[in-house]
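Please take these sequences and the hints and turn them into a complete structure.
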Amino acid sequence: MAVLLWWVAVLGLPAFRHWWFPYGGLDPAFMAFVIPDLVFLVGGSAVVARKKLAGTPGPLASGILLGAIGYATLYTLGWTFALQAPPWGAIAMLILGAGTFWACR
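Mapping the sequence shown onto my numbering, position 26 (from 1) lands on 26, and the numbers just tick up by one.
Among the hints, a few may not be true.
[Claimed, not checked] If you anchor each label on the Cβ, the simulated ranges turn out as follows:
| hint | residue 1 | residue 2 | range |
| --- | --- | --- | --- |
| 1 | 28 | 105 | 31 to 41 Å |
| 2 | 52 | 24 | 32 to 42 Å |
| 3 | 19 | 75 | 11 to 21 Å |
| 4 | 87 | 51 | 31 to 41 Å |
| 5 | 83 | 50 | 31 to 41 Å |
| 6 | 12 | 94 | 18 to 28 Å |
| 7 | 5 | 84 | 22 to 32 Å |
| 8 | 8 | 74 | 21 to 31 Å |
| 9 | 24 | 54 | 40 to 50 Å |
| 10 | 8 | 86 | 30 to 40 Å |
| 11 | 70 | 1 | 18 to 28 Å |
| 12 | 81 | 18 | 16 to 26 Å |
[As the list claims (entries may be wrong)] Here are the simulated SDA-like cross-link-like pairs (lysine to any residue), alpha carbons at most 20 Å apart as the crow flies:
| hint | residue 1 | residue 2 |
| --- | --- | --- |
| 13 | 52 | 39 |
| 14 | 51 | 67 |
| 15 | 51 | 63 |
To be clear, the hints were calculated from the coordinates, so they are not data collected in a lab. All C-beta atoms in this analysis are idealised placements derived from N, C-alpha and C, irrespective of residue type, glycine included.
Following this line, the structure appears as structure tokens:
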């Protein structure tokens, strides 16, 4: 849910962008992540949460979600350091990654 809210804020509130992007505008490389984030992170989180609530383990869904969050976190860290972007995206992804790992256990 946090990823969905973040994308809504980034796309809908130009003043919000300066916290995340080095030039205050939408970076095309990051815009490429909208659909994968919505499908794998938001959708995957919903599937894993549903399986957890149903009491079924769902190792495949958890594995896909962990792979997606791991890739997105590493990409964000690399992007942040390469472009000297504000650190909030990297910090948020590290927290989100840790929370996702904990939730998938």
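Verification of the supplied hints:
A C-beta distance of roughly 36 Å is found between residue 28 and residue 105, which places it inside the suggested range of 31 to 41 Å. Distance hint check for residue 52 and residue 24: the Cβ-Cβ separation is about 38 Å, which falls inside the suggested range of 32 to 42 Å. For the pair residue 19 and residue 75, the supplied restraint of 11 to 21 Å holds, since their beta-carbon distance comes to about 18 Å. Checking the proposed 31 to 41 Å range against residue 87 and residue 51 shows it holds: the Cβ atoms sit about 33 Å from each other.
Between residue 83 and residue 50 the Cβ separation comes to about 36 Å, which falls inside the hinted range of 31 to 41 Å. A C-beta distance of roughly 25 Å is found between residue 12 and residue 94, which places it inside the suggested range of 18 to 28 Å. The hinted window of 22 to 32 Å between residue 5 and residue 84 holds, with their beta carbons roughly 26 Å apart. Between residue 8 and residue 74 the Cβ separation comes to about 24 Å, which falls inside the hinted range of 21 to 31 Å.
For residue 24 and residue 54, the hinted distance range of 40 to 50 Å is satisfied, since their beta carbons lie about 43 Å from each other. A C-beta distance of roughly 19 Å is found between residue 8 and residue 86, which places it outside the suggested range of 30 to 40 Å. Hint check: residue 70 to residue 1, Cβ distance near 19 Å, so the stated range 18 to 28 Å holds. Residue 81 and residue 18 have their C-beta atoms about 19 Å apart, which keeps the hinted 16 to 26 Å range intact.
Taken as a hint, the residue 52 and residue 39 pair is honoured in the structure, with Cα atoms around 19 Å apart against an allowance of 20 Å. Taking the CA atoms of residue 51 and residue 67, the gap is about 18 Å. The hint holds against a cut of 20 Å. Between residue 51 and residue 63, the direct Cα distance comes to roughly 13 Å. Compliance with the 20 Å bound is thereby established for this hinted pair.
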